[in-house]
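The whole structure should be built from the sequences, with the hints applied where relevant.
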Amino acid sequence: MNAPILLQPDETFILNVGPQHPATHGVLRVKMEMSGEYIVNAETVIGYIHRMHEKMGELKTYPQFLMNLSRMDYLGALGYSHCHVLVVEKASGIVVPERAEYIRAIMVELNRIASHLFWFGAFVMDLGGFSPLMYALQDREHILDMLEAVTGSRLTYCYFRFGGLYNDIDDDFIAAARRFIPRMRKSLKKYKALVTGNIIFRKRLEGIAPLTPEMCRKYGASSAVARGSGINFDVRRNEPYSVYPEFDFDIPVYHECDSLARYMVRMDEIEQSLRIVEQGLDKLPGGPIMPDKKPKIIKPPAGDYYQAVETARGSFGVRLVSDGGKNPYRLKLRSPTYSNMHLFDEACRGMMIMDALAFMGSLDLVIPEIDR
Amino acid sequence: MRLTLINVVIAVVAAIAFAALNAAYLVWAERRGAARIQRRPGPNINGPFGLLQPPLDGIKLMAKQLTIPGGADKAMFIAAPILAMFPAIMSFVTIPFSDTIVAKNMNVGILMIFAFASMGGMSLVFAGWSSRNKYAMMSSVRAVSQAVAYEIPMLITTITVVMITGSMDLMEIVRQQSGSILHWNIFPVLGNSHNLLMPFSFLIFFTCTLAETNRAPFDLGEAESELVAGFHTEYGSMGFGLFFMGEYANIVVGSCLTTILFLGGWNCPFGLFPGVWWFILKLYLLIGTFIWIRWTFPRTTIYGLLNLSWKILIPLSLFNLLFTAGLLKVF
Numbered sequence: 001m002n003a004p005i006l007l008q009p010d011e012t013f014i015l016n017v018g019p020q021h022p023a024t025h026g027v028l029r030v031k032m033e034m035s036g037e038y039i040v041n042a043e044t045v046i047g048y049i050h051r052m053h054e055k056m057g058e059l060k061t062y063p064q065f066l067m068n069l070s071r072m073d074y075l076g077a078l079g080y081s082h083c084h085v086l087v088v089e090k091a092s093g094i095v096v097p098e099r100a101e102y103i104r105a106i107m108v109e110l111n112r113i114a115s116h117l118f119w120f121g122a123f124v125m126d127l128g129g130f131s132p133l134m135y136a137l138q139d140r141e142h143i144l145d146m147l148e149a150v151t152g153s154r155l156t157y158c159y160f161r162f163g164g165l166y167n168d169i170d171d172d173f174i175a176a177a178r179r180f181i182p183r184m185r186k187s188l189k190k191y192k193a194l195v196t197g198n199i200i201f202r203k204r205l206e207g208i209a210p211l212t213p214e215m216c217r218k219y220g221a222s223s224a225v226a227r228g229s230g231i232n233f234d235v236r237r238n239e240p241y242s243v244y245p246e247f248d249f250d251i252p253v254y255h256e257c258d259s260l261a262r263y264m265v266r267m268d269e270i271e272q273s274l275r276i277v278e279q280g281l282d283k284l285p286g287g288p289i290m291p292d293k294k295p296k297i298i299k300p301p302a303g304d305y306y307q308a309v310e311t312a313r314g315s316f317g318v319r320l321v322s323d324g325g326k327n328p329y330r331l332k333l334r335s336p337t338y339s340n341m342h343l344f345d346e347a348c349r350g351m352m353i354m355d356a357l358a359f360m361g362s363l364d365l366v367i368p369e370i371d372r
Numbered sequence: 001m002r003l004t005l006i007n008v009v010i011a012v013v014a015a016i017a018f019a020a021l022n023a024a025y026l027v028w029a030e031r032r033g034a035a036r037i038q039r040r041p042g043p044n045i046n047g048p049f050g051l052l053q054p055p056l057d058g059i060k061l062m063a064k065q066l067t068i069p070g071g072a073d074k075a076m077f078i079a080a081p082i083l084a085m086f087p088a089i090m091s092f093v094t095i096p097f098s099d100t101i102v103a104k105n106m107n108v109g110i111l112m113i114f115a116f117a118s119m120g121g122m123s124l125v126f127a128g129w130s131s132r133n134k135y136a137m138m139s140s141v142r143a144v145s146q147a148v149a150y151e152i153p154m155l156i157t158t159i160t161v162v163m164i165t166g167s168m169d170l171m172e173i174v175r176q177q178s179g180s181i182l183h184w185n186i187f188p189v190l191g192n193s194h195n196l197l198m199p200f201s202f203l204i205f206f207t208c209t210l211a212e213t214n215r216a217p218f219d220l221g222e223a224e225s226e227l228v229a230g231f232h233t234e235y236g237s238m239g240f241g242l243f244f245m246g247e248y249a250n251i252v253v254g255s256c257l258t259t260i261l262f263l264g265g266w267n268c269p270f271g272l273f274p275g276v277w278w279f280i281l282k283l284y285l286l287i288g289t290f291i292w293i294r295w296t297f298p299r300t301t302i303y304g305l306l307n308l309s310w311k312i313l314i315p316l317s318l319f320n321l322l323f324t325a326g327l328l329k330v331f
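Respectively, the protein sequence lines represent chains A and B.
Start counting the first sequence at 1; every next residue gets the next number (our numbering).
Start counting the second sequence at 1; every next residue gets the next number (our numbering).
By construction, these hints were calculated from the structure, which means they are not laboratory data.
All C-beta atoms, glycine included, are put in the ideal place defined by N, C-alpha and C.
Certain hints may be false.
Taking CB as the label site, the calculated pair distances span [claimed, not checked]: (1) A:GLU148 / B:TRP292: 33 to 41 Å; (2) B:GLY288 / A:ARG237: 46 to 54 Å; (3) A:VAL40 / B:MET119: 32 to 40 Å; (4) A:VAL40 / B:ILE16: 43 to 51 Å; (5) A:GLU271 / B:TRP292: 24 to 32 Å; (6) A:ARG51 / B:GLY288: 44 to 52 Å; (7) A:THR12 / B:ILE101: 51 to 59 Å; (8) B:MET119 / A:ALA193: 37 to 45 Å; (9) B:GLY288 / A:LYS55: 50 to 58 Å; (10) B:LYS74 / A:ASP345: 36 to 44 Å; (11) B:LEU182 / A:ALA193: 31 to 39 Å; (12) A:LYS55 / B:PRO48: 52 to 60 Å; (13) A:LYS186 / B:LEU51: 29 to 37 Å; (14) A:MET52 / B:PRO48: 49 to 57 Å.
Here's what the structure looks like:
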C-alpha cells in the first residue's frame, strides 16, 4: 500500500485534466495546479494527435494536399479548404468562375452554421444541460444531408478544386437550403427560450472569465473570442475575399468580454450566416463551375503568398512559399484555435475549476486543429 | 400490527423489493423520459418498450470485475456503496403508503427518516476519501458542503409542518390533511392552519430534496464535465450499481416524504376514495418532475448552490417558521 500523502493547508496539488477527460473534447491535456477548487496555475499541453500536416504539404503535390485541410477541423472543414484553394489560385493566377465562388460561399456558410450548432450543443453539455445537444444535432443533420448530397461526404469534405468545384449544386439542394433557412430561424428562437434565457445558464456565464481586448490582441485571438471582447474584426469584411463583398451581413460584436458575450456572438453569427446563404441563393449566377483555361499541372511561380479567411473558429491563414515546383517549398498553416487556446493558461488563473471549464467551452476548441 | 418474526421478514423483503424495483425501473423511466424530451427512441430493444433493460443492466454490472484501486482504503471503499443504498431502504420501514400499508409506524417517523438520510452523505465522503483519486476527493468535499447546506432549510421546513400538525407521526400528518385539496399542507385554506406561505415552503422543500439527492441541477458531486464521474469515478461493477440504485432509492424516499408532508399522502384531491393509488400517483408525478428538471436545466456552480441555500432558502424558511408560529399563536 502506498504511503498516504499529507497535504498542508497552503499546499497546492496538480490535477491532470486530460488527455482523456470529458471536458476537453479531444486529446488536450491541461496541467492544473490547484488550491482546493481554485486554479493557481494552468498549462495546456498539446501534441497528442500531431499529424504533421504542414510537412505533408511540402511532400505532396498541390492537388494531393487538398484533402488534408478538411482533416484539420472536422467540424467546419470547408472554410479551411476554401483558404487553401484561394491561396493556390492566387499564386498560380487561376480565375474562378463567379458561380463557383457563390457556391463556395454558400457551402462555407452552411458549414459554419453546422459547426456553431455542434459547438452550441457541446457547450451546453459542458454546463450540464444535455438536451440542447440533441436538438442542435438534429438541425445540423439537415445541413450534413444537404452537403452530403452535393459533396459526397458528411464531415471531411474534398469539394473545392483549384479553379472551381468538384460538383455543381442542383435544384434539390437549392430547395433543401431554402427549406432549411426558416426552420433554422425557428430553432434559434427555441434555443433562445430554452438556453439563453435560462437563469442558471446566465448565472454561470455572466461576468465569468473576462478577457480584455489587450489580452486577445496579445495572443492573436480571433472569432467570437475576440468579437466577444469588443474587437470588431472579421476577415470576411476587413480583408474581403471571394464574393463576400457582394453580401449584406453584420458582424456581431459584444463588449461584455465574458463567456456569455462569446456565446452570444456565435448565436448571432448563425443568423448572419443564414442571411448570407439566403442572399447567395438569390444572386446565384449561371455558368460553369470550372474555368475553361486551367494549367494541367499546378506550378505556382516562385514567391511568397498568403491568404486569410474567416472560418467558424476564427481567422485561418495559409502561407505558401513556392519555388516554382510541383510541391510547395513551405506551407504554413495559421490555425485560429491554437491562438485562442493559449489564452486559457493566463485567463484561468484564480478561477474555480467549473468556471474555467465553462470558459474553455466558450473558446470553441477543436483539438485536431491545434495539433495539425 | 404485532411485531412477530414473520411480519418483520415480510416488511424487510417488501422494503428491499420496493426500493430495488423502483431504483431499477426508475433508471429505465429516466432513460425513456430523457429520450422523449430529446426526440429519440431510448432503450427499446430488450423486451416490450425496453422493459427488460434494467435486469439485463444488472446482470451486466454483476458480471463485471470489482476492482479496488491500489492504495485505496479497502474497508471504506467497500462500505461506501452499501452505505449509499442502506439508509434509503431503512427509510421505507416507516413510510406509510396508506392507512394500512406501513411496515412499522413510529411516532417519531420523520426524525428516523432524517437520521437515515443524513447517513447518505457519509457514503459519498467514504467513497471520495477512500478512492485515492483527486476528482473523487473534490467531489466528496463538494457533496459534504452541499449536504450540510441543504439539510438545514429542509429540516426547518419540516419543523413548520410539524408545528402545524403537532405530530411527528407520518400517519397523523396525513390524517390531518384528509378531505379535499384545500386541506393539504401545500395549500391549507380549510385545514387547521391558514398559512398561505405554505406553497413556498413546498418549493423550498422540493428544491432541498433535489439537492439532497444530488440531482440535476444540483448534481455537483458527479459533474461529469469537470470531475469525470465524481465520487464514483473508481467504482465499477456492482459498487457503481449500488451508488446508482441508491440515488434513485433516495429520490423515491424524498418524493414519498414530500407527498406525505405537503400533498396529503393517500388522500384524494376531491375527498373521494382515499387509498394507496393516490399515493403512488402523486409519488410518480413528483419523480417525473425530477426527471423533467434534470433534462431541462444546466448545472449550477458550487458557490451558486451554496449561496442559494445560505442566503435565500435558509432565511426564507426561518421567516416561514416564525410566521407559522405567530399564526398558531393567534388562531
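Discussion item. Tell me the numbers of any earlier hints that the structure contravenes, in ascending order.
Written reply: none
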